[in-house]
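Knowing the structure of chain A, use the given hints to seat chain B on it.
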Amino acid sequence: MTALPKLPRPHQVLFDPKTGKPVNVEANWYDPALPRILRPRRGTPLQTLVLLCLILLAGTLVGIATAFLMIERERPLLAVNIGPWSAHPKAGTPEADPYSVAIYTRGARVPLTTGEGLSLTARTDTTGASLDARCSYRISGQTPAARLWTMTASDAYGRLSPTLAGRESIDSRQILRHADGSFDITAAIRPRSGNWLPLPAAPGENSGLMFTLRIYDAPITTGAALDGVSMPDIVKVSCP
Amino acid sequence: MTLSSRMTWAISLLATFCVAVIVHILVVLTIPLNVVHSAYTDVGSFGPDRSFNLLPDVKPGDEPLPALDPAMKHASCRFSLADGPVLFTAAVPSPFWSIGVFNEAGEAVYSLNNRTAGSDILSMLVITSEQLSILRENPPEDLDELIVIETAPMNGFALLRAFVPGKFQSGEIETALKTSYCGGL
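Protein chains in written order, with my numbering: chain A, 1 to 240; chain B, 241 to 425.
Extracted from the complex, chain A is given alone in its bound form (with noise of 0.2 Å):
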C-alpha cells in the first residue's frame, strides 16, 4: 500500500479586522490605501475608446455647427460695426478675412470694391433689437459724406422682394433733406409722405428684413477710417 502524497494545505484565509470580510493575500498587491495617482492603472479600452468617439463626435458637431452659424447668418466678427450698421470693407479683396472670403464665394456675390464704394447692412434696430418685415421704421441722421448713396430694403439674406411701390430702394438724390443736410426715411409697407422706403408688401413668416446703404465714391471707401463717421439711426415707429 502507497502512501498518499501530501495534499497541500489550504491557504489560510485571512479577515479584514476592520470590515470582516475574507482577505485573499495572493491578490492584496492593489492596495487601496496607495493615493490614487500611483495605483498601477488597470485597462479600461472599451471605456477609452467610447469616450475618445465621443470626444470626436461632440467635437466635430459643436465646430460645423458654429462654422455654419456664422457663415450662414452672415455676420462674421470681424465685420466693421457702426450703431446697428455693418461693412466688410475688405471683402473682395486679398487682404479679406477668411469669414468674408467664405460668405462671399459661398453666395457668389461680387463685392463692391474700394474703388467704387461700400455697402453697409442693418439688420437691427438702434436698440438692437432684430428688424421685422411688418413694423414700420424711421432712418434718420447723416450719411457719411459721398457723391450718392442707396437705401434699399430687403429680406435678411438680401433678396428683394415686390413692394407697393415698385421700386426697393431710395437714393440721395431724390431724397428730401432738413436744412442741416440730414434726412427721415420712413421705411414702412403702405405709402407714406416725405421720404418713404416700401419695405417688401407681402413678408414671409421668418424672412425677417434688413437695410442696405451703398455708399458710392465715398472717401471712407478709399482710404479714411470708419471711426468716427456718422451713421443713420434705424429707430421703431409701429408694429401692427
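Mixed in with the good hints there might be a few duds.
[What the hints assert, rightly or not] Which stretches of chain A does chain B cover? Using the computed rule of at least three CB atoms under 8 Å from a CB of chain B, they are:
(1) 79-89
(2) 95-102
(3) 111-124
(4) 151-161
(5) 203-217
[Said to hold, decoys possible] Pair ranges (Cβ atoms, derived):
(6) ALA331/B x ILE82/A: 30 to 38 Å
(7) ASP302/B x ARG73/A: 51 to 59 Å
(8) CYS239/A x GLY324/B: 25 to 33 Å
(9) VAL276/B x ILE64/A: 12 to 20 Å
Calculated from the structure, these hints are not laboratory results. Since the structure is predicted, the reported quantities are computational estimates derived from the model, not experimental observations. Every residue gets a Cβ at the ideal spot worked out from N, C-alpha and C, and that includes glycine.
Chain B only, in chain A's frame:
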C-alpha cells in the same frame, strides 16, 4: 495611473473644444474651395465671353447676381488673358458709373468710377506683363490715353455698374451699356 472622474471630465471637455476649433477653422477655410458656382461661372451665363453683356434688371425674385443694387444697371464681361489683352471702352451718360475687374476667385484686381477715371469715357486695358512688353515694341497711338492695368495672367470678369437716376434715362443707359466694348485691342 488613473484620473479622478472630475479630471476626466475636464480633459474630455477641453479635448472636445480643441476638436471643435480645428473643425471650425477647417470648414471655414475649405468653403471657398468647394463652392458649386462662383461669381465667375455665373457671369458666364449672360452671354459670350469677351464682350459686354447687359444683365437683366435687378427685380425681386429675379436678381441676375446676388446683392446687386436695384437702382443700377449692370453689364459684365468675362475674359481670359490667355486670349490676349482686354480693352474696355464705355461712355455711359449716367451721373455715376463704376467698373470693377475681378479674378476667378472673385477678388478685386482693379476698380474705378467716373470721377477717378478722369473723364466721362472709360478706356482701360487689362494686360499681362509679357503682353505689355510685346505691345511696347510697336505701341498703338492711343496707348498714353488708356488706363493700363498690368496683372498676372488670369481668367476674370469685369462688372460695369451705372446708376439710373430716373425712368427716362433708363433706355439711354441701357443702350450705352450694350454698346460698351470689351475685347481685343
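Of the hints given before, which are not true for this structure? 1, 7, 8
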